[in-house]
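> Residues per chain are reported as follows:
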Amino acid sequence: MGSAFAQALDLIVQGDGMLLQIIGVTLRMSLTSSLIALVLGVPVGILLSTGKSKAVTALIVLNRTMMGLPPVVCGLLCYLMFCGVGPFRWAHLLYTVEGMIIAQVILISPIVAGNVEAFARGISGPVRETCAGLNIGLPRQLLLIAGECRYQVISTYLLALGRGLAEVGAVSMVGGAIAYKTNVMTTAIMMYTNRGDFKMAIALGIILVAIFLIMNIVVHVVQTKVSR
Amino acid sequence: MKLTNVQQAYGERIALHIDSLEFKPGTIYAVIGSNGSGKTTLARIVSGTLKPTRGSRIPSPGERIGYMPQANYAFYGSVAKNIQLGLPRQISPSSTEGEQRIHLAMESLNLSHSANARAKKLSGGETARMALGRVLVGDYDLLVLDEPTAALDVNSTLTAENLIRLYRDQHGAAIMMITHSISQAQRLADQVLFMESGKIAEYGHPQSILQNPRTTELRQFIEVLGA
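These protein sequence lines map, in sequence, to chains S and E.
Taking this note's numbering, the leading residue of the first sequence gets 246, the next gets one more, and so forth.
Taking this note's numbering, the leading residue of the second sequence gets 164, the next gets one more, and so forth.
If you're looking for bench data, these hints aren't it; they were derived computationally from the structure.
Nothing here was measured: the structure is a model prediction, and the numbers come from that model.
Take these hints with a grain of salt, some might be off.
[To be verified] BS3-like cross-link-like pairs, simulated, lysine-lysine; straight-line CA separation at most 27 Å: (1) E:Lys-165 to E:Lys-187; (2) E:Lys-214 to S:Lys-299; (3) S:Lys-470 to E:Lys-283; (4) S:Lys-470 to E:Lys-362; (5) S:Lys-444 to S:Lys-426; (6) E:Lys-165 to E:Lys-244; (7) S:Lys-470 to E:Lys-244; (8) E:Lys-214 to S:Lys-297; (9) E:Lys-165 to E:Lys-362; (10) E:Lys-187 to E:Lys-362; (11) E:Lys-362 to E:Lys-214; (12) E:Lys-283 to E:Lys-244; (13) E:Lys-244 to E:Lys-284; (14) E:Lys-214 to E:Lys-187.
[As the list claims (entries may be wrong)] Each pair of labels, with its calculated beta carbon distance range: (15) E:Ser-257 to S:Ala-300: 32 to 42 Å; (16) E:Lys-362 to S:Gly-370: 24 to 34 Å; (17) S:Arg-309 to E:Ser-241: 28 to 38 Å; (18) E:Lys-214 to S:Ala-300: 52 to 62 Å; (19) S:Leu-388 to E:Glu-260: 22 to 32 Å; (20) S:Arg-309 to E:Asn-318: 43 to 53 Å; (21) S:Gly-370 to E:Gly-367: 28 to 38 Å; (22) E:Val-317 to S:Val-306: 46 to 56 Å; (23) E:Ala-313 to S:Ala-455: 44 to 54 Å; (24) S:Gln-468 to E:Asn-279: 23 to 33 Å.
Beta carbons are placed, not taken as given, at the ideal position from N, Cα and C, and that holds for glycine.
Taking the hints into account, I'd like the entire structure generated from these sequences.
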């Protein structure tokens with residue numbers, strides 16, 4: 246085990262080609278999916294935070310349910326949509342990074358919307374009352390609420406990115422963990438462990454943990470700034 | 164602005180019932196009453212931020228209504244940026260007129276030294292002054308102020324009162340102001356509304372109703388708060 250760990254460190258230091266390729270696919274997928282989830286989730290979260298009707302309450306409950314959607318169920322749904330008999334077979338998204346990004350957007354967007362909604366709900370009442378008193382229209386009110394959520398949006402984004410990086414169920418079902426194409430860090434760790442190639446699995450594990458460590462430091466700094 | 168048979172209910176509880184109330188231009192109305200008497204509900208309905216359960220709220224044609232809520236919200240950004248939010252849509256903050264209004268409001272409310280300070284870092288009193296400045300840079304025919312001086316010290320309260328008078332004189336606006344200070348109502352108001360259990364229990368000139376209260380409730384209110 247000790248030699249596998251040393252070999253893993255060696256792979257990292259030498260910048261192994263396969264290792265870098267897997268990290269590249271992982272970052273491309275997670276950064277893209279988390280950014281799309283942010284663009285979709287923030288406005289939805291803000292809109293949900295300002296509503297009080299039964300329809301909005303139903304949407305909030307639905308979103309919270311989606312926040313807990315098991316990745317494998319998401320993967321199954323996407324697989325059924327993209328496979329040879331699915332309604333989106335024409336898009337040829339199965340076993341592609343684009344298909345994996347779509348699966349992750351479905352998983353992550355509700356998390357972004359839910360986190361933003363929870364924070365914005367706490368401030369949207371006084372913000373909207375103040376804005377209404379100053380005759381500020383609804384579009385500008387929503388922009389002001391978004392501005393008030395700026396730090397929460399940043400920390401929510403980092404959490405969404407973390408979820409995207411750590412996710413394995415949906416990406417393995419939709420992407421198929423194809424080497425040099427759709428194999429990401431989590432699926433590669435599973436694959437190399439099953440093969441008994443521990444040095445690569447350990448190297449990927451170290452890098453994944455290092456990424457999470459950096460992200461958590463950033464989240465901590467952002468949250469400290471918020472609480473000031 | 165006119166309210167006719169306005170009623171606000173929260174479930175079974177009637178929080179407000181106003182048979183008839185009209186706000187006349189150039190008049191300051193002080194609304195007094197104990198907690199839960201319906202003052203803020205009335206302010207919200209008059210300002211249009213709350214739709215009454217029943218009855219009619221009839222603004223005059225083209226009437227512009229401004230409202231300063233009880234909770235003074237400080238937006239992210241500087242004090243000056245916060246006050247800019249109150250400018251009428253047609254006046255740009257970077258225009259001469261916009262800059263003058265913001266400068267005057269900050270100077271009058273002793274906020275010039277904090278113009279670039281983060282609004283969220285202000286004290287309660289400073290936030291209240293900023294919120295008052297934010298609403299006073301606008302052009303309104305009816306201004307609804309919910310306890311605008313509650314967090315202010317004596318000097319700031321007197322300054323705020325002068326600004327409110329000035330706003331009435333310059334804009335010819337009707338001003339509805341909620342206060343817990345009997346002496347403030349006497350100093351500032353042209354008309355006083357005493358609210359009790361969601362209704363206007365007494366209404367009239369401050370000297371007449373505060374010196375000769377008809378109802379036991381107002382008498383007790385004056386005794387407790389002191390004239």
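> Hey, Lys-165 (chain E) versus Lys-362 (chain E), does the alpha-carbon distance stay inside 27 Å?
Holds: Lys-165 (chain E) and Lys-362 (chain E) sit about 16 Å apart, inside 27 Å.
> Taking 28 to 38 Å as the hint, is the beta-carbon distance of Arg-309 (chain S) and Ser-241 (chain E) inside that range?
holds (37 Å)
> If I claimed the Cβ atoms of Gln-468 (chain S) and Asn-279 (chain E) lie 23 to 33 Å apart, would that claim hold in this structure?
holds (26 Å)
> Within a Cα-Cα threshold of 27 Å, do Lys-470 (chain S) and Lys-362 (chain E) meet the stated pairing?
violated (47 Å)
> Check the hint pairing Lys-165 (chain E) with Lys-244 (chain E) against an upper bound of 27 Å on the C-alpha distance.
violated (34 Å)
> Has the hinted range 44 to 54 Å been met by the Cβ atoms of Ala-313 (chain E) and Ala-455 (chain S)?
Given range 44 to 54 Å: holds, Cβ gap about 53 Å.
> With the threshold set at 27 Å, check whether the alpha-carbon distance from Lys-187 (chain E) to Lys-362 (chain E) stays at or below it.
Roughly 20 Å between the alpha carbons, so the hint for Lys-187 (chain E) and Lys-362 (chain E) holds.
> Check whether the Cα positions of Lys-470 (chain S) and Lys-244 (chain E) lie no farther apart than 27 Å.
Roughly 21 Å between the alpha carbons, so the hint for Lys-470 (chain S) and Lys-244 (chain E) holds.
> Can the restraint linking Lys-283 (chain E) and Lys-244 (chain E) be considered satisfied, given a maximum Cα separation of 27 Å?
Between Lys-283 (chain E) and Lys-244 (chain E) the Cα gap is close to 12 Å, so the pair holds against 27 Å.
> Would you say the C-beta atoms of Arg-309 (chain S) and Asn-318 (chain E) sit inside 43 to 53 Å of each other?
At roughly 50 Å between Cβ atoms, Asn-318 (chain E) and Arg-309 (chain S) fall inside 43 to 53 Å, so the hint holds.
> Starting from Lys-214 (chain E), check that the Cα of Lys-297 (chain S) is at most 27 Å away, please.
holds (14 Å)
> Is the straight-line distance between the alpha-carbon of Lys-244 (chain E) and that of Lys-284 (chain E) 27 Å or less?
Holds. Lys-244 (chain E) to Lys-284 (chain E) sits at ~14 Å (cutoff 27 Å).
Hints 4, 6 and 18, counting from the list given before, are not met by this structure.
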